[in-house]
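> Whole structure, please, built from the sequences with the hints as guidance.
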Amino acid sequence: MKQAAEPPAEAQPPILSVQAVDKRFGARHALRAVSFDVRPGELIAVVGPNGAGKTTLLSILAGVQQPSAGRVLSPAAPSAGRRAIGWSPQNPALYSKLSVEENLRLFARLERVADPDAVVARMLEHTGLSSRARDRVEFLSGGNRQRVNVALGLIADPPVLALDEPSSALDPRQRARLWDFLGALAGRSADGPNTSVLFSTHHLGEVRRYATRAIVLADGELLFDGTPAELIAASGPGDDDLEGAFIAFLTECGH
Amino acid sequence: MRWLLLKDLVILRRSRLLVAMLVVYPVVLALLIGLAISRSPSRPRVAVVDETPPGQTVQVGSERVQVSQYAQQLFSQVTTVRVPSRAQAVEKVKQGSVLAAVVIPRDLASRLSSSIAPARLEVIYNGDAIEQSLVRSTLNSALAQANLGFSEQIQQAAAKAIDLLLAGGNLSIIGAPPNLIGLSQIPPALHSILAHLPPGAERRQLERISAFANFAAQNLSVSKNVLQTVSQPIQVKSTLLHGRRTPLNTFAVVVAVSVSLMFIGVLLAAGGMALEREEHVLIRLVRGLITRERLLVEKAVLSAVCSFAVAFAMLAGVSAFVALDWSRVGQWLAALAFGAVAFGALGVAIGALAREVRAASLLAFLLSLPLAFLALVPAGAVAVGLYDAIRVVSFAFPFKATLQALDAAVNGASPSIGSSLVHLAGLTVVFAGLARVGLRRVE
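Going line by line, the protein sequences match chains A and B. Each step along the first sequence adds one to the number in the numbering used here, with nothing skipped, and position 145 is 145. Each step along the second sequence adds one to the number in the numbering used here, with nothing skipped, and position 204 is 204.
Check the hints yourself; a few may be wrong.
Unchecked claim - Here are the simulated lysine to aspartate or glutamate pairs, DMTMM-like style, with alpha carbons at most 20 Å apart: (1) B:K94 - B:E131; (2) A:K97 - B:E131; (3) A:K97 - B:E356.
I should point out that these hints are in silico values taken from the structure, not numbers from a laboratory.
What follows is the structure in structure tokens.
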């Protein structure tokens with residue numbers, strides 16, 4: 001693995017530590033001893049070709065799947081368990097016959113949050129969907145559904161949010177609005193800790209624009225962990241385009 | 001779990017068409033099945049060409065039997081359409097306005113009287129295999145009934161003639177001289193003559209004649225009973241080995257309610273379970289918000305409560321028209337509850353294995369309908385091997401056990417309700433286990 005220079009966030013203690021996580025599906029090796037730390041306020045992009053293990057990694061972090069070997073620790077909140085990580089799967093996981101508000105309230109109750117009504121109001125405000133609160137999800141645009149999907153991942157106020165290709169079904173304008181929202185989540189605020197966001201994507205432009213850190217996976221192996229600028233630099237001179245640099249990097253690594 | 005239950009109730013309330021279909025469809029289907037079982041089939045329309053001259057009779061001894069009586073009995077089981085000629089009858093069969101035609105030939109009476117050549121009817125029919133089978137079985141049954149009735153009349157006429165031969169009297173109607181001595185009167189008459197005859201060849205000759213007359217009179221008397229036996233050689237005596245006799249209409253109620261219970265329970269549970277996967281919510285729920293077991297229980301309970309409520313309402317509603325024993329209501333509730341839970345378990349197993357609501361609903365429907373049909377196939381209606389296979393399939397699914405439990409609860413029929421409830425409880429455990437296996441995969 002090529003290791004880039006230390007990012008500024010590394011000065012803080014990790015809130016999530018992924019240690020030698022390995023996953024096998026029969027004979028197929030989906031993840032090979034993947035290790036990295038997540039620190040507060042980081043926006044970490046997980047990139048790689050199809051079948052690289054991105055979704056498997058995120059679903060293990062979310063607790064949907066168990067690793068074959070290795071472990072995922074939350075040093076800051078060791079007893080939090082799955083509550084340490086919010087999860088938004090690739091397809092919006094919402095009840096389409098329920099309204100935005102009803103979806104949020106249901107999951108707030110299932111998450112046993114202290115004050116479901118207050119959490120619902122906060123999520124509606126964060127997602128900018130207060131005016132659509134009583135609309136059924138089936139009548140929302142793809143972008144707004146994805147906002148509710150992300151909000152459900154945040155409803156228990158986790159320190160880390162895992163998003164599986166959150167922008168894959170959105171048009172450019174909806175994508176921009178989603179990233180504004182996620183950026184605000186990870187941005188520094190005076191009233192509490194920042195949420196770290198891990199997201200998988202195939203849009204390398206988004207990685208360059210919004211991510212503070214990029215993790216490159218290929219065939220289940222972690223090939224790179226550093227900033228987008230460092231990824232461009234790692235691919236050698238002559239290419240300051242992230243997509244080109246990413247392809248060159250994979251080729252150089254034999255993928 | 002209560003939040004998920006409330007959520008499902010809200011979703012059901014907002015899916016009015018689905019709920020209406022879930023309730024109306026099985027109820028209508030169940031009522032149709034019930035009607036089909038409890039009502040006798042309508043009489044098929046049959047064209048009749050009666051070529052016999054009006055008032056024609058068959059001579060049996062001193063009696064005359066009207067041929068028209070035979071026709072009346074023959075057509076008591078069909079709706080007759082009188083047509084004047086065979087050609088018109090054939091045309092009506094071709095057009096499909098009647099299912100068959102029967103031609104009673106002109107020489108029917110003479111053939112019956114002659115006893116040399118059997119009388120023949122001509123049956124003309126058409127239609128598809130089912131119609132042909134219906135017409136043939138109906139006409140065969142009608143012919144058997146008419147033949148039986150006609151032979152009874154002939155037997156009665158023959159018995160009357162035998163009585164005349166035995167008792168004597170005016171037998172001029174069969175061509176005998178008037179005031180003829182009866183066969184049974186000959187032995188006493190000869191006995192009084194023999195008392196005055198001296199021994200010798202004449203006396204021995206008369207004694208032989210007397211013995212013959214005595215023997216003939218006794219045997220002719222017995223032949224009346226023989227005639228009666230021949231006209232109806234086997235009579236049926238029915239004995240029910242166990243339980244109460246179940247009236248057909250209350251059994252039809254049990255079938256109708258069981259079908260409704262099955263459709264609502266299975267479809268609702270399968271659809272509700274598959275919805276969690278189709279909406280991609282399952283992956284979020286099983287992250288620790290709710291265990292897979294509790295999710296299965298929630299779906300099975302919701303469907304069981306809904307199907308139980310509809311089925312009980314059906315039973316209560318039907319009791320206004322069909323006499324049901326309300327003192328057994330405790331057993332009704334037990335049978336309905338166990339059946340509803342078993343169908344719910346089957347439904348969640350289907351829903352857990354299917355990826356989407358439509359697939360789950362289709363699978364539930366395709367599985368339920370043949371199961372109900374198979375459970376209603378009576379023993380002896382199909383080959384032994386096939387019936388054994390049907391019994392195994394029916395045993396492995398909850399419909400037959402529910403039908404038996406409800407029949408025992410409503411009608412006191414056998415087997416006892418206890419064994420059926422144990423069977424249903426076992427099936428519930430098996431299908432819940434299958435559902436749990438199906439939920440191992442969440443995506």
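> Decide, hint by hint, whether the structure agrees.
Tested hints:
1. B:K94 - B:E131: Cα-Cα ~13 Å, so holds.
2. A:K97 - B:E131: Violated: K97 (chain A) and E131 (chain B) sit about 49 Å apart, past 20 Å.
3. A:K97 - B:E356: At roughly 16 Å apart (the allowed maximum being 20 Å), E356 (chain B) and K97 (chain A) satisfy the hint.
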